[in-house]
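Trainee: Okay, here's what each chain looks like letter by letter:
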Amino acid sequence: MKNLYLPITVDHIARVEGKGGVEIVVGDEGVKEVKLNIIEGPRFFEAITIGKKLDEALAVYPRICSFCSAAHKLTAVEAAEKAVGFTPREEIQALRDVLYIGDMIESHALHLYLLVLPDYLGYSNPLKMVDEYKKEIGIALDLKNLGSWMMDELGSRAIHQENAVLGGFGKLPDKSVLETMKAKLKEALPKTEYTFELFAKLEQYGEVEGPITHLAVKPRGDVYGIYGDYLKASDDVEFPSEDYREHIREFVVEHSFAKHSHYHGKPFMVGAISRLVNNADTLYGRAKELYESHKDLLRPTNPFANNLAQALELVYFTERAIDLIDEALAKWPIRPRDEVEIRDGFGVSTTEAPRGILVYALKVENGRVSYADIITPTAFNLAMMERHVRMMAEKHYSDDPERLKYLTEMVVRAYDPCISCSVHVARL
Amino acid sequence: MEGNGKVRIGFYALTSCYGCQLQLAMMDELLQLLPNAEIVCWFMVERESFEDKPVDIAFIEGSVSTEEEIELVKKIRENAKVVIAVGSCAVHGGVQSWEKDKPLEELWKTVYGDGKVKFEPKMAEPVENYINVDYRIYGCPPEKRDFLYAIGTFLAGSWPEDIDYPVCVECRLKGYPCVLIEKGEPCLGPITRAGCDARCPGFGIACIGCRGAIGYDVAWFDSLARTFREKGLTKEEIIERMKIFNAHNPKLEEMVNKIFEGVKE
Chain A
8 MKNLYLPITV DHIARVEGKG GVEIVVGDEG VKEVKLNIIE GPRFFEAITI GKKLDEALAV
68 YPRICSFCSA AHKLTAVEAA EKAVGFTPRE EIQALRDVLY IGDMIESHAL HLYLLVLPDY
128 LGYSNPLKMV DEYKKEIGIA LDLKNLGSWM MDELGSRAIH QENAVLGGFG KLPDKSVLET
188 MKAKLKEALP KTEYTFELFA KLEQYGEVEG PITHLAVKPR GDVYGIYGDY LKASDDVEFP
248 SEDYREHIRE FVVEHSFAKH SHYHGKPFMV GAISRLVNNA DTLYGRAKEL YESHKDLLRP
308 TNPFANNLAQ ALELVYFTER AIDLIDEALA KWPIRPRDEV EIRDGFGVST TEAPRGILVY
368 ALKVENGRVS YADIITPTAF NLAMMERHVR MMAEKHYSDD PERLKYLTEM VVRAYDPCIS
428 CSVHVARL
Chain B
383 MEGNGKVRIG FYALTSCYGC QLQLAMMDEL LQLLPNAEIV CWFMVERESF EDKPVDIAFI
443 EGSVSTEEEI ELVKKIRENA KVVIAVGSCA VHGGVQSWEK DKPLEELWKT VYGDGKVKFE
503 PKMAEPVENY INVDYRIYGC PPEKRDFLYA IGTFLAGSWP EDIDYPVCVE CRLKGYPCVL
563 IEKGEPCLGP ITRAGCDARC PGFGIACIGC RGAIGYDVAW FDSLARTFRE KGLTKEEIIE
623 RMKIFNAHNP KLEEMVNKIF EGVKE
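Residue numbers (our numbering), protein chains in the order written: chain A, 8 to 435; chain B, 383 to 647.
These are calculated hints, taken from the structure and not from any lab test.
Ideal Cβ placement from N, Cα and C applies to all residues, glycine included.
Incorrect hints may appear among the rest.
Simulated DEER-style distance windows between Cβ atoms [unchecked claim]:
(1) A:E40 to B:K456: 22 to 32 Å
(2) A:G213 to B:T535: 48 to 58 Å
(3) B:K456 to A:L196: 47 to 57 Å
(4) A:P14 to B:F432: 12 to 22 Å
(5) B:N639 to A:K142: 57 to 67 Å
(6) B:D434 to A:D35: 27 to 37 Å
The calculated lysine-lysine pairs, modelled on BS3-like cross-linking and capped at a C-alpha distance of 25 Å, are [to be verified]:
(7) A:K141 to B:K526
(8) A:K208 to A:K42
(9) A:K42 to B:K498
(10) B:K388 to B:K500
(11) B:K388 to A:K135
(12) B:K491 to B:K456
(13) B:K388 to A:K191
(14) B:K526 to A:K60
(15) A:K273 to B:K498
(16) A:K60 to B:K565
(17) A:K141 to A:K208
(18) B:K456 to B:K500
(19) A:K42 to A:K142
(20) A:K135 to B:K500
Could you build all of it, start to finish, from the sequences and the hints given here?
Mentor: In structure tokens:
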């Protein structure tokens, strides 16, 4: 051995949700090994909810992840409703979409401003940016507060919403609250556009440029959105949600409590950029214009484009929520909840969580959960994320280790991984 | 405190959904705290975080769920003047303890099959099973005011107090319709620690006990037990529901038994 190489490691990647690390082993011929260690402990969500009463299991599932608890709650509720054979009324679905969008706005704002932006501006933490970047921090807080407040009003709180239940909502806000929500969303629109312009200026690192297969939910009703009953890949394959196991294979890797996933034998990506790659033709309004004028930056070949794609979605979903609230208001007064008869059955729901496709498959027998399979966006992304970290490492392994760590962490942060989320992936 | 007069704070995560730290990070009030505090460790927001530096206040979120996390909590205890267990996972083991009486191997097999990883998993446990905890912030997630009260009190050089009354008290004060009596739903408000302003009953949703059980020597249990029974709820159903957030509470079954024994026919 000519040289002695020590592994380059980040024990605990900062500014992501959950505990993960990066390990890079360099040898004489360059990078030998790159591992994304997922060290967050297992929580066995599928296993612990089997045999439990349906409503209690539905209260527990959102606890998989705080950043996207509304996504988990609403996807689990839909899977349960499909299992028992219940379809919510249109106006209830519209309000569920608004609640989900609250999660989307909060999550994207937190990710972009608090987790990603400090890297570009040279800060180790977002709180240190307060003096120098008053406007940006102000916008971050405004958008975050808007998303949280939407979840407070429709979901009971911003983290672990209890107000979304089988058949609808426990209670709905007054009409005046929805009108205020509309006004606040309108007020937020210029701030979302500012966010888009800000992120359009940031560097996208060419080191990780290359072909990526993207998967996303095909939006229901052909309007860019969150719910759908089919999955769509950028290789033009489309399949019903229930068939997900025929196309996506999960497997255990030894360095991670979260499993990895392959689509037709290969790593793939999900998330905001994947949604745009597959569904941009269903955008409308200002977001559509911005997409058309910035296509060159919203590239399907670079994971860093995911940041800008999230910024675009901030514009889109803010506008979309206004339209959905109008739909609901047109039917006012709305009965919050329908009785749901708990029959035996099996249901699969696929939605777009802030970070990409979220799958819930639930079987209900005698009012209890008898089978549960949950796959989260980060679990889908891990194999691809590891590949992109490797690409970055291969270009920079001989640089200063601190620089290498910083760049690989930035790759991981561009994915906006929900590591806690990824650690209770399903049965084999 | 170090020479700069700032309180050194660490926020440490074990296995969790990160919701307790998210709740704190989302508080605009945090910005007001900053001039008085130095963040020594908080990986969710600070890249320059150090798990083994001394701190004045250590907040720990999450349950101890790997062998590595046992070592981590011991290290945090050694380095901290005050240790605060934050949220249902750190205080009670969290929802991931719901099936704590099942063998870990069985849960592992259900989720991972024959797959093996190089880290050592274990059944989730509260932080207190390994180290001495000075104060607890309850909830899944805790309310913002829980953080404000605890931090504010410590910064003022005083000691925060535990709440020793149930969610029912706050629900009555708010004047919400009773989910248990009027709708017959299995509301755990009567035996759950207050502090949330009866958030869920306010939405017409039965309490699932996310703040954990209050102490069990309280007078209203007799009438409560009667109501649970009248509504057709069994002792087993109550225990199963209480266990969602309370599986490691050593007094849980004793408390529920006492409630049901207390019924005077």
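Trainee: For a quick check of understanding: which of the numbered hints are violated here, in increasing order?
Mentor: Hint check: 8, 10, 12, 13, 14, 19 and 20 fail, others pass.
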